[in-house]
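Undergrad: Listed below, chain by chain, are the residues.
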Amino acid sequence: MVPLHYYLFLSAILFAIGAAGVVIRRNLIVVLMSIELMLNAVNLTFIAFARALGSMEGQVIVFFVMTVAAAEAVIGLAIIISVFRHRQTLDPQEMLLLRW
Amino acid sequence: MILFFILAALSVIFSLAVVFQRNPVHSAMALVATLFLVAVLFLTLDAPMVGFLQILVYAGAIMILFLFVIMLLNPEALERRRVFWWGLGSTAALVLIVEMAALLSAIPAREGRIAAVAEGFGSPEMLGRTLFRDFVLPFEIASVLLLVAIVGAVVLAKREL
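Line order of the protein sequences matches chains V and A. The numbering of the first sequence is the working numbering, which starts it at 5 and goes up by one. The numbering of the second sequence is the working numbering, which starts it at -18 and goes up by one.
Note that these hints are calculated values from the structure, not bench results. Do not take every clue at face value.
Claimed, not checked - These stretches of chain V come out as covered by chain A in the derived footprint (C-beta under 8 Å, 3 or more residues):
{"#": "1", "region": "13 to 21"}
{"#": "2", "region": "35 to 41"}
{"#": "3", "region": "54 to 61"}
Ideal Cβ positions, reconstructed from N, Cα and C, are used throughout, including at glycine.
Assemble the whole structure, with the sequences as input and the hints as a guide.
TA: Now the structure itself:
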């Protein structure tokens, strides 16, 4: 059986890659996909701990995280479509109206 | 053990592809592959129900929505690289990985050993029992959240806001 650390370390790597994607990319859709990647890394941690502790609560939390991620993706994409209609761009650096 | 290392290596490679592919459609396909691999990892952790939900809901429904929006908008195929943000993001990610590795290596090895679980752990029946016995209120709140998301998406995506 694979020790718990290995799953946690893999999850940390995936989370860090997702966080790097949020900073590096300048396409709003890819930024949203990086956020999904981070959520998935956290789900992996929950499942690994649920298995190690032998309790079902972790898996139920993952179920809720998936629900919230679906709602977040839908609303995020709707906002992106709405912004694209007004500005004709997906670059977050161009959206300065509320910044200063 | 070998299965874990193969899955881990592939999921890291594909998640790097999500971030470093410059074409958003390629990023989305790499993300689908990553989600599949993580779902297989869920199966190895005795969570079959959550693993199949991950494939159906994430890799199926959500990623189709992403691909649909990418192909609907598609402003420019390739984006320019930004050296400053590239360096900042990579450095922050490396610092995060090193920090978590240091924390995890501080855990004694016997703490990380995984015990055996009862028969049927992670089955739909057991997930349903836990969900509807201990988590009924969060379940109802999640359903209201989904309703709000539906209404919000319709309002936001309407032509005249």
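Undergrad: Hint by hint, say whether it matches the structure.
TA: Hint by hint, here is what the structure shows:
no. : hint     : in the structure
1   : 13 to 21 : holds (count 8)
2   : 35 to 41 : holds (count 5)
3   : 54 to 61 : holds (count 6)
Comparing the model with each numbered hint stated earlier shows that all of them hold.
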